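For this one, chain H is given, so just place chain F on it according to the hints.
Protein chains in written order, with this note's numbering: chain H, 16 to 469; chain F, 16 to 469.
Some hints could be false.
Since copy identity is lost for identical chains, a pair holds within one copy or between any two.
[To be verified] When the alpha-carbon atoms are kept at most 25 Å apart in a straight line, the in silico SDA-like pairs for lysine to any residue are as follows:
no., residue 1, residue 2
1, Lys320, Leu103
2, Lys65, Val355
3, Lys354, Gly243
4, Lys289, Val355
5, Lys258, Asp173
6, Lys290, Val355
7, Lys320, Leu249
8, Lys289, Ser239
9, Lys153, Glu80
Please keep in mind that the hints were generated in silico from the structure rather than gathered at the bench. Remember, predicted model here, so these are calculated numbers, not experimental data.
The primary structure of each chain is shown beneath.
Protein chains: 2
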Amino acid sequence: MEFSLTKEEEQDALESYIQFLKQPSISATGEGIMETADLLNSLFQQAGIKTAVRKTDGHPIVTGEYNTGAARTILVYNHYDVQPVDPLNEWRHGPFSADIANGRVYARGAADNKGTLIARLLGFKKFLEEKAAGLNFKFLVEGEEEIGSPHLERFIRDNATTLHADAVIMEGGGLDAKGRPQIILGVKGLLYLQLDISIGERDLHSSNAVITENAAWKLLNVLSTIKGSDGHVLVPGFYDDVKPLREEYLSMVDTYDIDPSDLERSLGVTRLTKKTRKEVALALFNEPSCNIDGLASGYSGTGAKTIVPAKAFAKLDFRLVPDQDPQKILQLLRNHLAKVGFEGEIKVLSSEFPVRSPSNTALVTALKNSAAKIYGKQSCLIPNSPGTQPMSLFTHVLGIGEAVSAIGAGGPLSAVHAPNENVEIDLFYKAILHSAQFFYEYALANPGPSPLEK
Amino acid sequence: MEFSLTKEEEQDALESYIQFLKQPSISATGEGIMETADLLNSLFQQAGIKTAVRKTDGHPIVTGEYNTGAARTILVYNHYDVQPVDPLNEWRHGPFSADIANGRVYARGAADNKGTLIARLLGFKKFLEEKAAGLNFKFLVEGEEEIGSPHLERFIRDNATTLHADAVIMEGGGLDAKGRPQIILGVKGLLYLQLDISIGERDLHSSNAVITENAAWKLLNVLSTIKGSDGHVLVPGFYDDVKPLREEYLSMVDTYDIDPSDLERSLGVTRLTKKTRKEVALALFNEPSCNIDGLASGYSGTGAKTIVPAKAFAKLDFRLVPDQDPQKILQLLRNHLAKVGFEGEIKVLSSEFPVRSPSNTALVTALKNSAAKIYGKQSCLIPNSPGTQPMSLFTHVLGIGEAVSAIGAGGPLSAVHAPNENVEIDLFYKAILHSAQFFYEYALANPGPSPLEK
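Just chain H, same shape as in the assembly (with noise of 0.2 Å):
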């Protein structure tokens, strides 16, 4: 069984796909938010699922429920938020006018994440129509992705009995370079934390210096006992939890494709830290990381101003891999910053759980089946995004075994986040056609009872 689309059903895709990226929804302002829920709750009602727009503390979260009383059930988390538009003047096309050139749909959101979203939705309609197989479907579509989903986790705790699923598919995992359809199987965890220093009230001249403290000094000494100059984290215990990866994910890097030349042309950077491809690769899946985000102290005006400065801060922030904790890790960085006799202030500002999802399980043959049946091409299967998504609250929250970033409609040329955005509509096309693809080969290879099947 092989899903394909016929013209009209083209033709009627790219109708909603166009009518929804015309729809602006940008969460960082609140610029047509609610209409864009309401939008989508009426989608999701037009395709037969079970919808509610929920309210939060920021923008309202989409749910959905489809559910055919089949022994597994899978939850699909989009986001229908965009990032801001600025800056304007980049953009050769209105970034919600849709407009179509060179085989390309270009809006805000066209790849992240309206596309992606849209797809999975009409890839949903059309596994229904087969009546292949069982599948429940259970939907989540938050509206602040963009802003750092600040509601997300205090809704999965409180709807964590009826957002349970089996597996979870979310957002992210478009095309590589080479085309192929990536696999994403978790993601790096996060600490994120302030360190506030002072010491006095207000900043002094600096003829003080040879008598008072001075904030940026200690805030500076303090820095350097967490990492060395070698990036290696002095931190006792930071690397304990570290696992090496598995052979499974060893042949992931093995196989990764990515060019340390051109990553340094891209990043736009001197030089790397890592030389060899694998090296580069190894750091990036699983590799923790100590970063300072920001550091502001005393005068940074233009000139001189000479003042011992009273107050100084850094934002730091650990990038972690399994099986790191982000709270173990902030009970040690406690410890050892009472043990080099830090006096200031550690304000957590994000903590998120690594996750690493196992890549032998139905979830992930069925994205790789489904992704060759379309694509006619292998995945490329990643053991971990460097960056962090919230899928530790699907994981460690809600207890779910396994979620992977996968079936997205963009692709290297999707310009996520820059003007121009843009989605090849034959990869739209394709990405409904893998989404129900997907459903189809997830379903059959987990029959279990299912009333479409009797």
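Only chain F this time, still in chain H's reference frame:
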């Protein structure tokens, strides 16, 4: 011979003082600068001084000369500009009303430096009336001291011949907490620079932290090679030219009246890095320092932003003591930075030699003797200010053998640079008499051929 003022002379002096204070002269904004320079010019003319308002690339410098053909010439340095008046709502009197209350005159500049300037001018007139002794005078009054004297060095270099003198009386050096006139024999030197580091064109997503450098960490690693966490400067050779205090200065340390606990309170810091009175005094007078004035990199807004910062900078000042040479220190630092692999930019923002004048001179003797006569107190001698003034322009650029800060109209309650700046009227009169008496004593100690004595 002891100078005194009649009631009428006091009244006239007070009126001149008030008239001058009512004229704003804020160098930071330029408000009233030209008017003040012109007013000063006419006050000098009325006193019989050959005067000129000299253009610079900034605010004008008022110069004056009174040549009697005497063997010795004294150069009197002051400034006619004042600090801004913010916060205005904390003033109990208009900052340019020059109100009198509780025996004090309240105005911006009452002490720093208009009070001292007018007292010296009136002291000069008083001295001339006595026709007692011969002394040549040069006056240099700049209008940019409160913004760092950006055009003074150029002016002094361009007018080196006409500005030459045997000794310099700088501004500063008012009364200490016990009402003793201070004689400050020098200043610390200064090397102020900015270190800039860039690792690429733009900030990167912090998932790249495992494969790229980080401008903030690079800067921090470099800074930690410049100074140890114990406060010791690690640049090889930095301390080589630091001279131990000679006996004459050590005795000043022994009698320097400062209480570490009081100092903690007045600076508003948790603790000092020096414990005893003597340690504090020694550090203030003869310990060079490396101070971070400012530090900035990456994201400094509220909340979390996950980036690898592409740029970072630090502003650093080194306070120097005799015989450290800022240009030599700069070279040592450049060598050190090259050795530790610093790959950024070094911008020099300011450079001043340290100065410490001898204490066993006719100048200092005249200052002490005149102070004893007018105030009935011993002077408080200080080897050098813990801060920096452009004193080395006189000693190192003009090659004048001694320069001191003394005969200031202000006292410990004068609230210099703060709201409600003020001077006790009696102390203003004393500053006039101290000036006249000092000129007299100094002229006598250096009689030479004087037309006045003919």
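>> Name the hints, by number, that the structure is in violation of.
In response: 2, 5
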